[in-house]
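S.K.: Assemble the whole structure, with the sequences as input and the hints as a guide.
Take any residue in the sequence shown, count from 1 to its spot, add 956: that is its number in my numbering.
Quick caveat, the hints were computed from the structure, so don't treat them as lab data.
Just so you know, not all the hints are guaranteed correct.
As the list claims (entries may be wrong) - Calculated pairs, EDC-like style, for lysine to aspartate or glutamate (alpha carbon to alpha carbon, straight line, at most 20 angstroms):
1. K1408 / E1488
2. K1118 / D1255
3. K1461 / D1420
As the list claims (entries may be wrong) - Here are the in silico distance ranges between beta carbons for each label pair:
4. S1390 / K1480: 43 to 51 angstroms
5. V1788 / M991: 44 to 52 angstroms
6. H1385 / S1479: 24 to 32 angstroms
7. R1312 / R1514: 20 to 28 angstroms
8. H1385 / P1006: 56 to 64 angstroms
9. G1607 / T1729: 38 to 46 angstroms
10. M994 / I1688: 46 to 54 angstroms
11. S1427 / S1299: 25 to 33 angstroms
12. E1319 / H1385: 26 to 34 angstroms
Predicted, not measured: the structure shown is a model, and the values here were computed from it.
The beta carbon of each residue, even a glycine, is placed where N, CA and C say it ideally should be.
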Amino acid sequence: MASVKPVIGSVLMIFLVVLGILDVITNIEENKCEMTWMYEMPQYLPVEMPKKVREKYPHYGLYVYGEGQYANMLRSMKMTGIPVLFIPGNAGSYKQVRSLASVAFRRAVDKNKLYHFNFFSVDLNEEYSGLYGDCLQYQTEYVREAIKKILGLYKYAQVQPKTIILVGHSMGGMVARGLFTLPKFDANLVNTIYMQATPNQAPVVVTDPALLAYYEKVNTYWGTHGNTTLRHITLVSSGGGEYDVQVRGGLTQLDGVTPSERSISTSTTHLPKAWVSTDHRCIVWCKQVVLAFVRSMFDIVHEKKHMVSEDIDYRMHVFRHHFLQNAGSIGHVTHWPESIDLSAGGWTLLGDRLFRWSRDKVEEETYLAVPLIEFEDADHVVVTSNSPRDSWVCVCELKEGEKQCSSCKDISSTGNVIPPLYSNKKVVHVDLNSDEMARITHIVIVIPKTEKKVEVLGELYTQDQRHLSNSVPGLLEVAMSYPESVVKGTLILDLGSKATFYKLKLYNMNSVVKAYTATLETSKCTNQAPDEHAGSVMKFHVPWSNDDAYRYAKYGERGNITMRLHTIPPDPVVDPRSLEFSFEALSVANDYVELSLYLDPTCSHQIRLTMSFKQMLGQFVRFYGILMPVFCVAVLLMSLVHQLRTVATDGYCPSVLNSIWQIKPYFVVPAVLLIQFLLQLKVVEGTLGPLGVPAPDIQGLDRQGIMFRGAPVLFYMTASAITTFQAGVIQIIIQFKSRLLGLVFGWLPVSVTSLLDKVLLLICIAAVGLAITVSGALAIFICYVVAFIQLLRLCYSERQSSDPSVRSRYHFQQTLFMLWLWLLMLNAPPLVVFGKATLASGSVSLFQRDPSGLVGSAAAIIFLSIISTNTPQNARSLSRGVSYVIHILVIGMVTFSMVVLYRITYTVLAALGVLAATQVYGALTARQAPRPKTE
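M.R.: Structure below.
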């Protein structure tokens, strides 16, 4: 029964992991992005680079986008517009510039602009820059040459641009920021950078040292020079939301990378007039998102100088309007008026606490006045409207004896647009308790003369009744109230009718793993002829980031919104000198989120909050899936440790399935936690840092706020289940194919089998040469294939023989084969890059610098040594000592390789290298030992 429990536990754990993976892949809202269209044939005209540049970068190119007659005008390469350079990302194409360029061109034509943009794009050979770090430096250097060439095309222009706008998609955004680290690059040539789904904080996967070094160099440079030589640059970074499963939203943030006063980090779900989630590639063509980028480009241009404004504050004002808070104005408003003249129209009183006003068309300008003095208990007002006027709501003090205010103070700039798209709805909230509202008597909604339908909906309410606070339940609370917590929900609020707005402040939302679904139930609707845009809006607001999400539910329909985090709340900033430190910390902590509800008052509503266990699993996979490789390899190496100790004690090697669950997490995790704690001490860090000892990976995870207590133990147990499943699948495959091998080749004589041994040995020797001259990853792949063949033969022999040593060797080789499989997966990126380059060129392409060259050479030599010896019987007396060495290596690997995955390869090779050395030593000792004399 003891052997059955681990299997049942593994099956259950694998089931949960699969559920999490399915949630990440499938639990995504419908793609609501609209397509961008062209009215003429797009053309990508090549821009000829200098001969030296072409020779140094033969696979790269520079293009300018055009369509129709405009493209014919560009053939002369005499540019007159404002230059924009698009930099594609990982495996990206230069043709991805089409949507931005086409929309910008059509906008310049339709708006009769006196200036336009020239969109250039670099062809970076669709390289895997997110996997192969070396190409990033080459791409950065080529982009520098491209900028030099682009600006040289404007020498005949009436207005010669001084700067160029950079737009980077994915890793292209890192290349854009990496430009400034080049010694010969003039930082003044760029003052605006847009980044789409760029992992600014850290690489998604750290596959080689060059990738990590590039990030450290770029982010360190920006951290050092952000307020000096780079202080003229403004940046916008937008993530794709939940739909982007390649780059999660937290990685696209610029917090701690660039100064917050000159940068904006947001998400496409937060973008005003967009409110959509995009996948990693969709972000470059999604119409709602493209429009936001293009509109901001036009608005940062100085109308008279026809070039990007040098005013940093002005550019940031434009970016905040288009990417954070759009007050609903038709265009960007530079300066909002302080007051509005109310002498041109009629004064209409709206005397109810809940007020509605609607007209199919408005014959004359109308002022809808809401008296505040009649509702002294009300302390807040919310007003929504689709008024076509920018300055549409204001406040005034009606003095005694006056019939109406002659002017009022404009508060329209405090508003924001809300869904649905194309409804032109905007909302303003007014806090009547503020000092500015002390003498205000009326709120006035200004309705201009228009032929279109205009609607106004608002309400005066008491904060205590509409701004509610609650704490979201934890997993334990949900389990204690099961099944009601799942069937009915963990939090239910009846909102009733005749209410237009509620705000729920939900505390205890302090972990990225927590996930809840808020469901808005609508019933008893009385409006018989609702407008096409009638309905309810749910807004999930995260106070410490711009990751808001919106959901619109049509009139009478149910609405659902998922509440989960991309980043955790920041630590409270408290003055340590304060005597009330603990109380201040509690008051400043922002571990809450807000759920705002804009409701139709003709319906009754109920909000139900439910913990989503499946989405919690999805969050676990999304944030911690990248940590599984190091723990899976740790489990395998610890299984090898158990096998070696059993060999040293009993003389036989147990199977990998029996070994996995013999090594408990407390064999590894406590030592890892202790070392991580010691390495983070200032004294130890200051001593070991200069010696080249890297910081433990947990520091980076702590900075991102995604590490929690007990996490390593949970990761180790999950990895044990994954490795058990992996071993079981491999066992089934090997058993099945070995039987086929026996049927096909079982009749062959022994001489042919021995010849196969020699052929495999020659292949391994050739792999060493390939690792040195062509690709280390290719050598690892060849050795993996040989290991698979050897394992098939051993499995066949194990069934044919009753010799325990044959079975031990088979068990031992299966563990080594699984380790070799991980070596292959960890070195797959350079293998993919090598294969792509070879297929594209039609001949064997060599790396500029092979990140797996040294690793592959060492791996091939180690593999050659292992298959040449009778493992694990050789050097049995040394097996226990080797097991201790590998155990120490595992602890070091988990400490330093949670995120930096390429270090796992070094640990595996070190462990196998020690094992191979002892096996070779044992084989040589056995040969030199004197044979017993025979009578």
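S.K.: Please name the hints from earlier in the document that this structure breaks, with their numbers sorted from lowest to highest.
M.R.: The structure conflicts with hints 4, 5, 11, although it agrees with all the remaining ones.
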